[in-house]
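J.: Here the structure of chain G is known, so what remains is to put chains C and A in place on it, guided by the hints.
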Amino acid sequence: MRPDSVSSIFWLIFGIPVAFISYKLGLGELTRPGPGFLTFWCGVILCGLSVVVFVRGRITGVGGTAKGISQLWIGVKWSKALITVLVLVAYALTFGRVGFLASTVVLLIVLFRAIDPMRWWVAIVVGVLASLISFVVFDMGFQAQLPHAYPETLLFKLKKILF
Amino acid sequence: MDYFSQIAYGFSIALTPVNLGYCFIGVFIGTLIGVLPGIGPVGTMSILLPTTFHIPPASAIIMLAGIYYGAMYGGSTTSILVNMPGEAASVVTCLDGYQMARQGRAGPALGIAAFGSFIAGTMSIIGLMLLAPPLSKAALAFGPPEYFSLMVVGMTLVIYLASKSIAKALMMVVLGLILGNVGIDATSGAHRFTFGILELHDGIGLIPMVMGLFGISEVLINVEQSLKREIFTKKVKGLLPTKQDWKDSKGPIARGSILGFLLGILPGGGAFISSFVSYAIEKKISKHPEKFGKGAIEGVAGPESANNSATGGAFIPLLTLGIPSNVVMAVLLGALLIYGVEPGPMMMKDHPDIVWGLIISMYIGNGMLILLNLPLIGIWIQILRIPYRLLFPLIILCCLIGVYSVNSSETEVFIMIIFGGVGYLMKKFEYEAAPMVLAFVLGPMLENALRQSLVISNGSFAIFFTRPISLVGLSLAILLVISPLIPWLSKRRPPIAED
Amino acid sequence: MERSKRNIIFSCLLAVAILFGFSAITRAAYPERPITMICPYAGGEYALRPVANYVEKALGQPVIIVTKAGASATIACGLLASAKPDGYTLGQITFGPVTMGPHLYNINYDPLNSFEYIIGYGKWEYGPCVRSDSPFKTLKDLVDYAKANPGIIKYSTVGLATPTHFGMVHLAKAEGIKWEVVVFKDVQGAVTAGLGGHLQVVSQTTGTMLPYIKAGQVRLLASFSDVRCKWAPDIPTARDLGYNFDVVSWLSFGTPKGVPKEIMEKLRTVFKKAVNDPEVLSLMDKIFVNIAYRTPEEFKKLVEIGYKENEKVIRELGLHKSQQK
Numbered sequence: 006m007r008p009d010s011v012s013s014i015f016w017l018i019f020g021i022p023v024a025f026i027s028y029k030l031g032l033g034e035l036t037r038p039g040p041g042f043l044t045f046w047c048g049v050i051l052c053g054l055s056v057v058v059f060v061r062g063r064i065t066g067v068g069g070t071a072k073g074i075s076q077l078w079i080g081v082k083w084s085k086a087l088i089t090v091l092v093l094v095a096y097a098l099t100f101g102r103v104g105f106l107a108s109t110v111v112l113l114i115v116l117f118r119a120i121d122p123m124r125w126w127v128a129i130v131v132g133v134l135a136s137l138i139s140f141v142v143f144d145m146g147f148q149a150q151l152p153h154a155y156p157e158t159l160l161f162k163l164k165k166i167l168f
Numbered sequence: 003m004d005y006f007s008q009i010a011y012g013f014s015i016a017l018t019p020v021n022l023g024y025c026f027i028g029v030f031i032g033t034l035i036g037v038l039p040g041i042g043p044v045g046t047m048s049i050l051l052p053t054t055f056h057i058p059p060a061s062a063i064i065m066l067a068g069i070y071y072g073a074m075y076g077g078s079t080t081s082i083l084v085n086m087p088g089e090a091a092s093v094v095t096c097l098d099g100y101q102m103a104r105q106g107r108a109g110p111a112l113g114i115a116a117f118g119s120f121i122a123g124t125m126s127i128i129g130l131m132l133l134a135p136p137l138s139k140a141a142l143a144f145g146p147p148e149y150f151s152l153m154v155v156g157m158t159l160v161i162y163l164a165s166k167s168i169a170k171a172l173m174m175v176v177l178g179l180i181l182g183n184v185g186i187d188a189t190s191g192a193h194r195f196t197f198g199i200l201e202l203h204d205g206i207g208l209i210p211m212v213m214g215l216f217g218i219s220e221v222l223i224n225v226e227q228s229l230k231r232e233i234f235t236k237k238v239k240g241l242l243p244t245k246q247d248w249k250d251s252k253g254p255i256a257r258g259s260i261l262g263f264l265l266g267i268l269p270g271g272g273a274f275i276s277s278f279v280s281y282a283i284e285k286k287i288s289k290h291p292e293k294f295g296k297g298a299i300e301g302v303a304g305p306e307s308a309n310n311s312a313t314g315g316a317f318i319p320l321l322t323l324g325i326p327s328n329v330v331m332a333v334l335l336g337a338l339l340i341y342g343v344e345p346g347p348m349m350m351k352d353h354p355d356i357v358w359g360l361i362i363s364m365y366i367g368n369g370m371l372i373l374l375n376l377p378l379i380g381i382w383i384q385i386l387r388i389p390y391r392l393l394f395p396l397i398i399l400c401c402l403i404g405v406y407s408v409n410s411s412e413t414e415v416f417i418m419i420i421f422g423g424v425g426y427l428m429k430k431f432e433y434e435a436a437p438m439v440l441a442f443v444l445g446p447m448l449e450n451a452l453r454q455s456l457v458i459s460n461g462s463f464a465i466f467f468t469r470p471i472s473l474v475g476l477s478l479a480i481l482l483v484i485s486p487l488i489p490w491l492s493k494r495r496p497p498i499a500e501d
Numbered sequence: 209m210e211r212s213k214r215n216i217i218f219s220c221l222l223a224v225a226i227l228f229g230f231s232a233i234t235r236a237a238y239p240e241r242p243i244t245m246i247c248p249y250a251g252g253e254y255a256l257r258p259v260a261n262y263v264e265k266a267l268g269q270p271v272i273i274v275t276k277a278g279a280s281a282t283i284a285c286g287l288l289a290s291a292k293p294d295g296y297t298l299g300q301i302t303f304g305p306v307t308m309g310p311h312l313y314n315i316n317y318d319p320l321n322s323f324e325y326i327i328g329y330g331k332w333e334y335g336p337c338v339r340s341d342s343p344f345k346t347l348k349d350l351v352d353y354a355k356a357n358p359g360i361i362k363y364s365t366v367g368l369a370t371p372t373h374f375g376m377v378h379l380a381k382a383e384g385i386k387w388e389v390v391v392f393k394d395v396q397g398a399v400t401a402g403l404g405g406h407l408q409v410v411s412q413t414t415g416t417m418l419p420y421i422k423a424g425q426v427r428l429l430a431s432f433s434d435v436r437c438k439w440a441p442d443i444p445t446a447r448d449l450g451y452n453f454d455v456v457s458w459l460s461f462g463t464p465k466g467v468p469k470e471i472m473e474k475l476r477t478v479f480k481k482a483v484n485d486p487e488v489l490s491l492m493d494k495i496f497v498n499i500a501y502r503t504p505e506e507f508k509k510l511v512e513i514g515y516k517e518n519e520k521v522i523r524e525l526g527l528h529k530s531q532q533k
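Protein chains in written order, with the numbering used here: chain G, 6 to 168; chain C, 3 to 501; chain A, 209 to 533.
For the record, the hints were derived by calculation from the structure and aren't laboratory data.
These numbers come from a predicted model, not from an experiment.
One or more hints might be untrue.
[Claimed, not checked] In silico BS3-like cross-links for lysine-lysine, where the CA-CA straight-line distance does not exceed 30 Å:
id, chain 1, residue 1, chain 2, residue 2
1, G, Lys165, A, Lys292
2, A, Lys438, C, Lys351
3, G, Lys72, G, Lys85
4, A, Lys438, A, Lys481
5, G, Lys72, C, Lys296
6, C, Lys139, A, Lys393
7, G, Lys85, C, Lys166
8, G, Lys29, A, Lys529
9, G, Lys162, A, Lys465
10, A, Lys213, G, Lys165
11, G, Lys164, A, Lys265
12, C, Lys351, C, Lys139
Just chain G, with the same shape it has in the complex:
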C-alpha cells in the first residue's frame, strides 16, 4: 500500500474521536462559541482532508515519494530507531527515582553500544565523563534542578570537602 493511503486512513481514524469528544464538550453558537467548537470542525476537516489525500493517491497513482510502505524502511535499520526510543522511555521512567547521574551514565553507555557499537572502554569513559560534566555545569552551575538521588548527594558532599 502506498504511504499516503496508510497515513490518511490513520488520520481519518484519529479525527473521528476528536470530533466526537468536541461535540460532547459543546459547540455553542456562532456568536458564543463553546469549548468544543474549534476542535469539532478541526476533526471534521481532518477527516475530510484525509479522504482527499486517500482518493488523490488512488487516482493519480502518486501516494508519496516511496511506492509502498515497505519502501520507507528499505535499507535502513529501523530496529535502531526503535531501540533508541525504548531506551529513552526507560530513562524517562526511571531517572526521577534513580537520580540524574546513575540513569544518564547507563543511558549513554547503552546508546554508545547498542546502535553503532563503540568499544566498551570508550563508551564507559565518555558516558561517565559526559554525565559528570553535564551535571556539574547544568545542575550545580545553572541550577537546572536535575533529579537528585544518592550519587548526587555524594557529589555535593565531595564539593563541600574540596571547596
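T.: Frame of chain G, contents of chains C and A only:
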C-alpha cells in the same frame, strides 16, 4: 527633550568600565544559555537577581538585559547544527539552517545568523530610541479584535510554510489547532482532552514538543542510516558567508528587522511569531521559493533577524508604559521595582540614567555579541566532525537536560519522546512539522482573541470590521488567500502548486 | 547493690544517654544539604528570593528555588505534597491551589490535609481599576452605571474562577448587576486591554496595578480586601462601602505533612525571623507584596473556610469540575 543630550548621557553611563564589565558578563552568560537548548534567560536572571541588589540599578539592568538579548543570539546554534531548536524562536531556523549544515555550509549559516542578529538588533535599538513613545501608543490600540485579525493573517501565512502537498500541510495545521486546544479552556473552564492528567491541564508544552519533533526525530532518522554514510559532509565549504550569500540575505535581514521590531512591541507578540512570519514572507516574495526547506540562506537570514529585533521591540512597552510584553520583561519589571524604580510613563523622565544607559549599552552589547559569536563559529563547526555514533547520544543528553530544565517535569520529557516518535513517522510519511507548530501556537491565541472580542462586542462580528486596524488585518489576510488564485494580479506565477 | 548489677544498670543508662545524645546531634545537624523551595508561578521566583536568601544565611545551607508552574499552582502543590517529609522540600503555598484549584482541576493531593504550614506571611489583594480618564470616579459611579445598563460593562480577569474573577462576581450578586467577564490567560493581556481602552474595568491584584496607579494611568475604585490597600489608604474597601464580602489570597510557606517536629520548629523559627527582618520587609514592600502574618494554625483555618466558601461560588457559577462534561 533633546535627543542628542539624552544619547550623550546614555553613552556616559554605558561606557564606564564598570558598566562595560556588567554588559559583558550579561551577554556572555546570555550566549551560553542561548546555545544550551531549553534553559532560558528567565531562570538565570532570577538567580542573579539577588547579587544585583548592591550594585547601582543601571548596572544591574544592563547586565540582566544583556542576558536576555544575548540568549537570542545563541539560540540558532543548535538549530543549525543538529536540528534542535534551543528555544521556540529558533524553530524556523531549523528548516533551512540545518539543511545548510548538512551541505557543509554550517559556517555561512551560523555567520549569517550572527550578522543578521547584529544588524537587526542594532536597528531595533535605533527604533526603540526614536520611536518608542508613538509606538507604545500604537501597541495599546491592539485589543482582542486586532489580535484576532493579526492571528488570522498569521494563519494564512502558515500555508506558505509548506513545501510539498498542500492538503497534507492543511492537515498538519488542523492537527496543530487540535493539539493547541489541549488543556483547560480559559474562557469556559472546560477540560479539553486532558484525560485527567494534571500536567495536561495547562496544555502541551511548546518546548518539549518542538525539541521532540525536530531534534529527537532527526536523531531517530539518522540513527537508522547505514553506518558507512556520514550524516554531515566532511567537506566544509567555507567558514563565512560568501558574497552571493550576502546579496541574497540583505533583503531578508532588512525586512526581518522591521517585522520583528513591530511584532515584538505587541504584548504577547514576540520573537516566535515574527520568525515564522518572516520565513513565510521571504518564501512568498522569493524568486525561487522551491529552494526553501532545502538550504536557502534567506530562510535563515530573515527569521534570525526578526527574532532578534523582536527583543528590542519587546523593551518598548516596558520602558514607556511599564507593561511587560513577555515573562522576561516581567522579571525585569520586578527587578526595577526592587531597585525602587517605578516603571511607567514617568520612567524616562525620572530615571534617564537607567533608560538611556540601558539603550546605549544594548548597542555595545550587540557589538560584543557579534565579536563573541563569530570566533565561536569555528568551534561549533568542529562539533559536526565528531562521528555521529559518538555525537548523537550527546545530542539526546542535551535535549533531555534542556527539556527538564524548563519545568523540572518528567511528563515533559515523555512528551518530548512521544513527539520524537511522531516526528519520525511524520518524516517517513512526508508530513511537515512547521505548519503544525505554528498552528499550535497561533490557534489558542486566535481562539481566545475571538471569544474575548465577541464578549466585548456582545456577540457581533461587526467589531472586526468596524475597527480600523482589525479591518486592515483581515483585508490583508483575504488578499493573501486570494492572490495565488489570481495569476495576473501577482507579478509571477503562483509559487505553490494548486491541489 | 552488687557490682555487676550496678555495671549493667550504669551501661544501660549510658547507652540510652548516648542514643539520645546521638539523635539530638543528628537532628541538630539539620540542614545538612541544600533545601528546595518550590515556586508555583512562572517568573515568580524573584518575589521569593528575599525570604529564601535570609533563610539560606540563617540555616547555612543553600535554598534552591525550583519553579514548577502550571494549572494555577496545583502542579506545584501536588509535587510538594508527594515530596519526602524530611524538611528538605518546602514551597510557597498560595490560596488558589488549596481553596479554588481543587474544585476545578483533578488534583492528586488533599488540600485540607496534605500540608503543614510553616508560616502565613502575606496576601494578595484585589480591586477593580479603571483608566484615569474614565467617567467612573468612584465605585458607586460604576455600580450605578452597570445597574442602569446591563451587559455593557466588560471587565478583564486572569482566568476563570480566580480571585480576580470572584470579586466582581460577589459585587454583581450583591447589587444585581449584569456585567461581562473577558477572560485572559495572562496578566499582561488583561492589563493592556484595560489600558488601551478596549474594556472599561480591569479586575486585578492591587500589587500588579500599583505601579500604574502611582503613575496616574489608572484609578483604583475599591479594595476587595478585608483591609484598605496599604499603598492606597484612601480607597475604601468593599466592606467600607457596605458590602459583605472580601476576596483575599493568603500566602504561606509550607511543607508536606509528616515533617519531624524538631525540624518543623526550626523552620518556623527561621521563617518567622525572615519575614520580620527589616531588609526582607523593605524588599517585599518595593514589589508590593502585602505582609500579613498568620500562624500555621490560623492559616489552616483560613484554608478550611476558604475551601468551603469557594466551592459554593464555583458551583453557583457552574464551573465546578463535576459540572463539566
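J.: If you check each hint against the structure, which ones fail?
T.: 10
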